[in-house]
Amino acid sequence: MSMPMKERITSVDRQRTWEGEIPFHYEYTAGVSGERFLRGLQRGKILVPKCGNCGRSYLPPRAYCTNCFLEITSYVELKPTGRVSALAESHVDFQGRRSKPRTFAFVTFAGVTGGLVHFAEGKGLRIGSSVRAKFKPAAKRKGTLLDIETFVKT
Amino acid sequence: MRRVAVIGAGMTKFRRRMLETGRELSFEASRMALDSAGMEIKDVESVVMGTAPDAFDGIHMKGDYLMDGAGGTDKPYSRVYVGGGTGVFAPVAGWWHVASGLFDSCLVVGEEKMSPLRPHPQYAFWSIFDHTLERPLGVTLLWIFSLEMRRYMHVHGVTEEDIALVSVKNKGNAMDHPCAQLPARITVDDVMKSEPICLPVKRLDVSPTSDGAAAVMLVSEEVARKYTDDPVWVDGVGWNVDTQYWTNRDLYYPRYVEKAARMAYKMAKIDNPRKQIDFAEVYDPFDYKELHHLEGVLLADKGEAPKLTREGVTQRDGDLPVNPSGGLLGVGNPIAAAGTMKVCELFWQLRGEAGKRQVKKEVNRGLAQAWGDLLQVGTVITMRR
Numbered sequence: 001m002s003m004p005m006k007e008r009i010t011s012v013d014r015q016r017t018w019e020g021e022i023p024f025h026y027e028y029t030a031g032v033s034g035e036r037f038l039r040g041l042q043r044g045k046i047l048v049p050k051c052g053n054c055g056r057s058y059l060p061p062r063a064y065c066t067n068c069f070l071e072i073t074s075y076v077e078l079k080p081t082g083r084v085s086a087l088a089e090s091h092v093d094f095q096g097r098r099s100k101p102r103t104f105a106f107v108t109f110a111g112v113t114g115g116l117v118h119f120a121e122g123k124g125l126r127i128g129s130s131v132r133a134k135f136k137p138a139a140k141r142k143g144t145l146l147d148i149e150t151f152v153k154t
Numbered sequence: 001m002r003r004v005a006v007i008g009a010g011m012t013k014f015r016r017r018m019l020e021t022g023r024e025l026s027f028e029a030s031r032m033a034l035d036s037a038g039m040e041i042k043d044v045e046s047v048v049m050g051t052a053p054d055a056f057d058g059i060h061m062k063g064d065y066l067m068d069g070a071g072g073t074d075k076p077y078s079r080v081y082v083g084g085g086t087g088v089f090a091p092v093a094g095w096w097h098v099a100s101g102l103f104d105s106c107l108v109v110g111e112e113k114m115s116p117l118r119p120h121p122q123y124a125f126w127s128i129f130d131h132t133l134e135r136p137l138g139v140t141l142l143w144i145f146s147l148e149m150r151r152y153m154h155v156h157g158v159t160e161e162d163i164a165l166v167s168v169k170n171k172g173n174a175m176d177h178p179c180a181q182l183p184a185r186i187t188v189d190d191v192m193k194s195e196p197i198c199l200p201v202k203r204l205d206v207s208p209t210s211d212g213a214a215a216v217m218l219v220s221e222e223v224a225r226k227y228t229d230d231p232v233w234v235d236g237v238g239w240n241v242d243t244q245y246w247t248n249r250d251l252y253y254p255r256y257v258e259k260a261a262r263m264a265y266k267m268a269k270i271d272n273p274r275k276q277i278d279f280a281e282v283y284d285p286f287d288y289k290e291l292h293h294l295e296g297v298l299l300a301d302k303g304e305a306p307k308l309t310r311e312g313v314t315q316r317d318g319d320l321p322v323n324p325s326g327g328l329l330g331v332g333n334p335i336a337a338a339g340t341m342k343v344c345e346l347f348w349q350l351r352g353e354a355g356k357r358q359v360k361k362e363v364n365r366g367l368a369q370a371w372g373d374l375l376q377v378g379t380v381i382t383m384r385r
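Here the protein sequences line up with chains A and B, keeping their order.
When you line the first sequence up against the numbering used here, it's residues 1 to 154, in that order.
When you line the second sequence up against the numbering used here, it's residues 1 to 385, in that order.
Careful: at least some of the hints might be erroneous.
To be verified - Examples of chain B residues lying across from chain A (beta carbon under 7 Å, computed): (1) Leu19; (2) Glu20; (3) Thr21; (4) Ile41; (5) Ala55; (6) Gly58; (7) Asp68; (8) Gly71; (9) Arg118; (10) Phe125; (11) Ser127; (12) His131; (13) Thr132.
As the list claims (entries may be wrong) - Pairs of lysine-lysine, DSS-like flavour, derived with a Cα cap of 30 Å: (14) B/Lys193 <-> B/Lys302; (15) B/Lys307 <-> B/Lys356; (16) B/Lys275 <-> B/Lys259; (17) B/Lys75 <-> A/Lys50; (18) A/Lys79 <-> A/Lys142; (19) A/Lys79 <-> A/Lys153; (20) B/Lys42 <-> A/Lys50; (21) A/Lys153 <-> A/Lys134; (22) A/Lys50 <-> B/Lys13.
Think of the hints as simulated: they come from the structure by calculation, not from any bench.
Being a predicted model, the structure only gives us computed values, none of them experimental.
Every residue gets a Cβ at the ideal spot worked out from N, C-alpha and C, and that includes glycine.
With these hints in hand, go ahead and build the complete structure from the sequences.
Printed below as a string of structure tokens:
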């Protein structure tokens, strides 16, 4: 086992390899809070949980207050307008392949702890820009994050 | 080392498929443990999460993902893992957090959400086998459990009917557990006639797959006295991991479980476990495993566990109640949560808070044990009043 590297096989063609994959398939649930949030999106609304104890509301949605560690059962509707807190322009997809450039933004909302990552567009988009959620037409919404098509600079 | 007390416990229902995310399940169990202890999350100095393969929940690095549901945000938080033994190992890790003097409190959470993996979570285990020598056969864990069950039966002359009695007992015990997934009044005949899975293992010999979480609150003696007059003490912990070459040991006896138990007994100054342990929650993902493990933790001689079971010794009103909770066979088997559920059961039984599940005799000390990986991990905890 102490052979120096040059004495070992340095070409994979000279050794037998085994191809394999671990092909798992999943069906995820959104959870109690996620379900509420996604049903809201389907109706064209951004609903966020609001802690009855400290008054904090959260994105991403959650069923408990991270601050008070108490269950949250009430939700409030946000105005669909937020502010760009950070921006990125992607030229490769999640598997590393070249893809059409796309701008992503981290969008925050007044009075909400956290925010949403989503697509964003609009001329002169920059940190601090005000953006508005553009929902898909009601008939095309499925109760997923992509019911919001993108955020558009206002 | 300092004395460590358990002052709270909580668990979710165990179910085949829950809407709740792993985080939400963790929160529910954690919140219950805190409420039971009379504590708030700000009073908790450290958090330990026990959760088994990422492949179940389908979230890579799920220890991090689960963290804020367990109240671990902005605290010294860690995830521990020893396969199926994790659910008892997590409280062991919580114990050393407090016993060492590093922390005065540690919230310990066990979580598993097995339902996302389709078509069946069993599939996740295929990939833990050797990729050249075992996987080409399409091997599953059921294969090696069945080999182990048969080997145990062969060495001691145990029948499938003897083993089925465990399933009958545990599913019956689970009738009194409010969180149970598969409580049932069944007969040995029902077990024998249930569909073959990998013979000799049949459907009713094996626990279900489940979603769920369980949690316990561990604190130092000084903190315990502030919150309760009735703490339960952790007096022994042990764990042991044998080689992953499951082919290189005789499957009829879990020697790694014995080593884990001996480690815990040494700490707890137990020299006669059968006399000094009043009841046990041993790991029962299969009915034969309860027998295997009773022998491994030295509560029965080798080959004696089926006899104790036949004679009713292990019934809830017997001399050595085993799995009064209903165990994994009756309450369910969300892997790490199931092990932690057993530690919760020790807490409830020792405090006399087990309700309809309360064992008949007076109990002063209990043992919980879990097991896992490729038939190679034993984790043990003993607790007393």
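Run through the hints listed earlier and report the numbers of any the structure violates, in increasing order.
Result: hint 10 breaks, nothing else.
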